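K.L.:
Work out the full structure: start from the sequences and follow the hints.
The lines below spell out each chain.
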Amino acid sequence: MNRLRLSVATALIALLASCGSDPDPNQYGANPDLPEQQRGLLPSMDVARPTDWGDQRPTVPQGYMVAAIATDLKVPRQALVLPNGDVLIAEGKGGKDAPAMRPKDFVAGYVMEQGSASAKSGDRLTLLRDADGDGTYEGRAVFAENLNAPYGLAFAGNALYVANQDALVRFEYRPGQIRASGPPVTVTQLPAEINHHWTKALAISPDGRRLYVGIGSNSNVGERGMAVEENRAMIWEVDAASGFHRPFATGLRNPTALAIQPGIGQLWAVVNERDELGPNLVPDYLTTVRQGAFYGWPYSYWGSNVDPRVRPHDPRKVAAAVRPDYSLGSHHAPLGLAFSVPAMGARFADGVFIGEHGSWNRSTPVGYRVVFVSFENGRPSGAPVEFVTGFLGADGKARGRPVGVAVDPRGALIVVDDLANTVWRVTPAGRQAAPTPNP
Amino acid sequence: MTDSRPARRVIHPVHAVLLASSLPLFLGALLSDWAYSASYEVQWINFAAWLNAGAMVFAGLALVWAIIDFLRADFARDRRSALSVLVLLATVVLGFITALVHSKDAWATMPEGLILSLLVALLAFASVWLGFSPLRAGGVR
Chain A
1 MNRLRLSVAT ALIALLASCG SDPDPNQYGA NPDLPEQQRG LLPSMDVARP TDWGDQRPTV
61 PQGYMVAAIA TDLKVPRQAL VLPNGDVLIA EGKGGKDAPA MRPKDFVAGY VMEQGSASAK
121 SGDRLTLLRD ADGDGTYEGR AVFAENLNAP YGLAFAGNAL YVANQDALVR FEYRPGQIRA
181 SGPPVTVTQL PAEINHHWTK ALAISPDGRR LYVGIGSNSN VGERGMAVEE NRAMIWEVDA
241 ASGFHRPFAT GLRNPTALAI QPGIGQLWAV VNERDELGPN LVPDYLTTVR QGAFYGWPYS
301 YWGSNVDPRV RPHDPRKVAA AVRPDYSLGS HHAPLGLAFS VPAMGARFAD GVFIGEHGSW
361 NRSTPVGYRV VFVSFENGRP SGAPVEFVTG FLGADGKARG RPVGVAVDPR GALIVVDDLA
421 NTVWRVTPAG RQAAPTPNP
Chain B
1 MTDSRPARRV IHPVHAVLLA SSLPLFLGAL LSDWAYSASY EVQWINFAAW LNAGAMVFAG
61 LALVWAIIDF LRADFARDRR SALSVLVLLA TVVLGFITAL VHSKDAWATM PEGLILSLLV
121 ALLAFASVWL GFSPLRAGGV R
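Quick note, the sequences are listed as chains A and B, same order.
Here the numbering used here is used: position 234 in the first sequence is 234, and no number is missing along the way.
Here the numbering used here is used: position 83 in the second sequence is 83, and no number is missing along the way.
The hints are simulated quantities; they were obtained by calculation from the structure and are not laboratory data.
The structure presented is a predicted model; accordingly, all values stated were derived computationally and were not measured.
Hints are supplied without guarantee of correctness; some may be wrong.
Stated by the list, open to error - Partial selection, computed: residues in chain A whose CB lies under 10 Å from chain B:
no. : residue
1   : V221
2   : R309
3   : V310
4   : R311
Unchecked claim - Covered by chain B, according to a simulated footprint, are these stretches of chain A (three or more residues, beta-carbon under 8 Å):
no. : segment
5   : 39-49
6   : 97-104
7   : 222-229
Each residue gets a CB set at the ideal place from its N, CA and C atoms; glycine is no exception.
P.N.:
Rendered as structure tokens:
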């Protein structure tokens with residue numbers, strides 16, 4: 001009996017230890033290394049504990065400066081720069097209806113809470129204005145309130161679209177407006193049952209006629225059953241006028257930010273891939289979104305790498321899965337995506353900025369930064385370059401966590417920080433952004 | 001003719017409830033694991049996780065009780081009572097590992113979950129058997 005106990009203890013230690021190894025494979029770009037799947041008895045969980053910025057600031061490249069343009073927001077997530085330079089911030093936190101199904105859900109829920117702000121969900125849009133163009137956003141107003149965890153924002157013509165966690169809504173917008181003139185009109189309801197991944201990302205076609213809505217899955221990898229994944233893990237195309245919609249691309253586990261490539265109108269997305277297959281699986285990615293394409297979730301990842309956790313198998317779906325364009329690394333949790341403009345400076349003129357919220361399913365945290373992926377001939381090229389860092393301090397504590405990013409065409413990057421409840425603005429130093437043409 | 005061995009204490013009624021309650025719950029977890037492995041219906045693996053967790057509450061308390069009992073001065077410590085405590089300990093340790101395996105997602109629980117549930121159910125049965133048999137020992141065979 002003693003020998004049995006000893007061997008049980010040895011096995012337990014071996015199993016627990018097997019989740020710790022953490023090599024650093026090359027996981028950036030079109031052909032990431034995909035190591036063996038691994039998952040010990042305990043998932044690696046390490047959420048950076050929050051602390052205040054104090055007098056520290058995020059770190060930006062030489063020749064750039066950073067300033068907080070709004071603080072004390074209520075869980076800000078995404079930003080939109082309006083034509084007159086005003087910045088709209090969507091504030092809110094959804095997904096409260098996802099029930100705990102297993103003992104694990106209580107434990108995991110507690111751990112996740114440790115890494116997020118205690119602020120209440122704002123459920124509103126805040127408008128920030130810098131009337132004199134000096135970089136200080138002295139004006140602040142609540143543009144709309146009583147929304148339901150607003151996240152995706154898009155603007156075209158005289159319409160401002162907001163993707164709540166349960167519906168896509170539209171406000172009439174006149175230039176210079178600081179408060180919505182009335183309650184919004186519902187364009188279409190969005191899938192909202194359970195809402196495990198509640199964020200609804202949003203982009204609009206250049207002509208303003210079609211909207212794209214990113215809808216995350218209702219589970220990590222189908223562990224709530226596939227019935228609740230109806231209309232999940234996909235991007236919808238919505239007709240702006242009628243609200244009619246159809247799946248545009250599927251098998252995208254959690255498409256958290258969408259953007260249209262200027263000039264050619266191509267839709268791009270950043271997607272958060274699945275957890276609990278090891279510290280270096282599965283790579284989150286940046287990809288063009290091809291109409292009708294299936295990107296693998298939950299049956300496979302990065303093309304046709306089968307995920308054995310899904311039963312029954314679906315070999316036809318696995319065979320049909322397309323590979324994404326560009327790996328951002330596993331567990332980085334990209335939540336923001338914006339195309340740059342030449343006014344951001346020569347080094348960062350052509351490419352995308354990506355806000356990385358940061359990892360939890362990894363013993364060494366990754367992400368917690370804004371990166372720049374440069375483009376060549378309209379395609380990503382080279383490894384991501386760090387653009388805003390310092391969110392994770394040397395003490396291992398998180399000062400902030402980047403979410404949405406937005407580019408001000410006059411030469412500024414807006415970074416929304418949902419841990420410090422702050423909006424940061426990064427500008428090329430020595431060159432003041434042109435005064436905003438406010439009415 | 002009377003037995004000259006010291007009289008064993010009979011199992012306390014509350015200890016009996018704690019010990020016996022774990023068995024049907026572990027058994028339910030085993031059946032749920034089997035149902036999941038046969039049907040891929042995820043609700044069964046949720047049931048298995050909860051039934052195992054419930055069984056662990058009872059088995060854990062029964063183990064604490066048994067250890068305290070075992071250390072008491074007036075307790076008859078022999079091979080049989082030691083075995084009883086050790087088997088219960090093994091049940092709890094393996095039950096905990098089973099709980100961790102059941103925290104994995106979907107089919108990642110299989111087949112380890114089903115095998116462990118079977119072993120734990122057998123150990124729980126042995127624990128109950130050994131835990132209750134002092135009732136018969138020391139008396140008339």
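K.L.:
All hints are to be evaluated individually against the structure, with a verdict given for each.
P.N.:
Taking the hints in turn, this is what the structure says about them:
Look at V221 (chain A): its Cβ gets to within about 5 Å of chain B, closer than 10 Å, so that hint holds up. Of the supplied interface hints, the one on R309 (chain A) holds, with its beta-carbon coming within about 4 Å of a beta-carbon of chain B, less than 10 Å. Taking 10 Å as the C-beta contact cut-off toward chain B, the hint placing V310 (chain A) at the interface holds, the least distance being around 6 Å. For R311 (chain A), the interface hint holds, the least distance from its beta-carbon to any beta-carbon of chain B being 4 Å, beneath 10 Å.
Counting residues of the segment 39-49 of chain A whose C-beta lies closer than 8 Å to any C-beta of chain B gives 4; at least three are required, and the coverage claim holds. With 4 residues having a beta carbon nearer than 8 Å to a beta carbon of chain B, the segment 97-104 of chain A meets the requirement of three or more and the stated coverage holds. With 4 residues having a beta carbon nearer than 8 Å to a beta carbon of chain B, the segment 222-229 of chain A meets the requirement of three or more and the stated coverage holds.
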